[in-house]
Amino acid sequence: MTHELRMQLAKDLVTALENNNETKADSLLDEIASLRETQLFQEVGRLTRQLHDTMRSFTLDSKITQFTQNEIPDAKERLNYVITMTEDAANTTLTAVENLMPVSDQLNVQAIELDQKWNRFLDKEMPFNEFKEMSQEITLHFKESRTSLERVQSGLNEILMAQGFQDITGQVIRKVIDLVQNLENSMVEMIKLSGRAVDTEARPEKQDEIVSQESLAGPVVPGVDDKQGGVASSQDEVDDLLSSLGF
Amino acid sequence: MKILVVDDFSTMRRIVKNLLRDLGFTNTVEADDGKTALPILESGGIDFLVTDWNMPGMTGIDLLKAVRANPELASMPVLMVTAEAKREQIVMAAQAGVNGYIIKPFTAATLKEKIDKIFERIDA
Chain V
1 MTHELRMQLA KDLVTALENN NETKADSLLD EIASLRETQL FQEVGRLTRQ
51 LHDTMRSFTL DSKITQFTQN EIPDAKERLN YVITMTEDAA NTTLTAVENL
101 MPVSDQLNVQ AIELDQKWNR FLDKEMPFNE FKEMSQEITL HFKESRTSLE
151 RVQSGLNEIL MAQGFQDITG QVIRKVIDLV QNLENSMVEM IKLSGRAVDT
201 EARPEKQDEI VSQESLAGPV VPGVDDKQGG VASSQDEVDD LLSSLGF
Chain Y
1 MKILVVDDFS TMRRIVKNLL RDLGFTNTVE ADDGKTALPI LESGGIDFLV
51 TDWNMPGMTG IDLLKAVRAN PELASMPVLM VTAEAKREQI VMAAQAGVNG
101 YIIKPFTAAT LKEKIDKIFE RIDA
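Residue numbers (my numbering), protein chains in the order written: chain V, 1 to 247; chain Y, 1 to 124.
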């Protein structure tokens, strides 16, 4: 309400009162009152909005705090677990290969030696004594081949099983990607708020619900997911739990 | 014996398939989640289902429930091979009617043991 407008209204009111014009005076008083009220409502509205925005920035603040206090350290634990798992898998595979190399080498050397001798025998260049020796060597070679190939088989199985890390680490990394995505969304919201460009519809509240629903799913990462208990840490525990349920 | 192996990670499907072959089960089919597995099951010919839990699209637990809800498939043995190790999940799977539950990472011996056990029960 401008000063001039108020002045004018006041003057009009005095004139109306002096002229005993009651109707005019009443309507002028109403006008003055309503002007005041509008201004008051506008002010209350502005304060409400400010309060609302501040409250929202508080909840966002606490979300960021939660990220820094829990989820980022959790993500670090998860990624460390990925490193451990991939390292274990690499070591298991390398050990198996290192153990198998000499086995297959030895078989190879034996086979080459026997092959040469066998060819001499076929060419009828082998004295009988040497032939007897070769027969023994062949018997031995068959025996050794069997145990060696069993070792190769079990080593290959070990290598096969070690590849299971890819599935588990893949799932863990996906979870961390989700976390980073959520963090990014929160940061964007913060920036929007501090820039005063508030879009009331854009808050990803729904997303929080989805994340908490899905938080049960995924591999158990030691030191992260087993803190609250309720986690079976071995196949034996799973079996015990199932047999307690009548399995 | 035709076995369907369901896992969203192809590496894990290969591992399970190789282990099964080692155990003498050479006839295997693959699917990468419940959604693709269900039509394969419904079209018939599968005798045994090995499934992961956590998969996009349709999870293994939902697949298990769908199998038990279908009169044609209800009696199919289902073995869950999963990284999900929380107690409530194991209980949930048991309630849904799973026949065996293996947590990853697992060994070849564990897989053999559980499969043997499932068939023992079926034969009994």
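FYI, nobody ran anything at the bench for these hints, they're computed from the structure.
C-beta atoms are modelled at their ideal positions from N, C-alpha and C, and glycine is treated no differently.
Be aware that a few hints might be false.
[Unchecked claim] Cut-off 30 Å, straight-line C-alpha distance, at most; resulting in silico cross-link-like pairs (DSSO-like, lysine-lysine):
#	chain 1	residue 1	chain 2	residue 2
1	Y	K2	Y	K17
2	Y	K17	V	K227
3	Y	K112	Y	K86
4	V	K76	Y	K2
[As the list claims (entries may be wrong)] What follows is a set of in silico ranges between Cβ atoms, one per label pair, in the way DEER data are often shown:
#	chain 1	residue 1	chain 2	residue 2	range
5	Y	I122	V	S104	38 to 44 Å
6	Y	I40	V	V188	40 to 46 Å
7	V	P102	Y	R14	25 to 31 Å
8	V	D240	Y	E120	38 to 44 Å
9	V	F128	Y	D47	30 to 36 Å
10	V	V176	Y	K117	35 to 41 Å
Hints versus structure:
Note on K2(Y) and K17(Y): the hinted pairing holds, with a Cα-Cα distance of about 12 Å set against a maximum of 30 Å. Using a Cα cut-off of 30 Å, the hinted pair K17(Y) and K227(V) is violated, with the two alpha carbons roughly 34 Å apart. For the suggested pair K112(Y) and K86(Y), the alpha carbons sit about 23 Å apart, so the restraint of at most 30 Å is met. Of the pairs offered as hints, the one joining K76(V) and K2(Y) is violated, with about 42 Å between alpha carbons and a cut-off of 30 Å exceeded.
For I122(Y) and S104(V), the Cβ-Cβ distance of about 40 Å falls inside the hinted range of 38 to 44 Å, so the restraint holds. Checked against the hint of 40 to 46 Å, the C-beta distance between I40(Y) and V188(V) comes to roughly 42 Å, which is consistent with it. The supplied range of 25 to 31 Å is met by P102(V) and R14(Y), whose beta-carbon atoms lie about 28 Å from each other. A beta carbon spacing of about 19 Å between D240(V) and E120(Y) contradicts the range 38 to 44 Å that was offered as a hint.
Range check, F128(V) to D47(Y): Cβ separation about 59 Å, and the 30 to 36 Å hint is violated. Against the hinted window of 35 to 41 Å, the Cβ-Cβ separation of V176(V) and K117(Y) comes to about 36 Å, which satisfies the hint.
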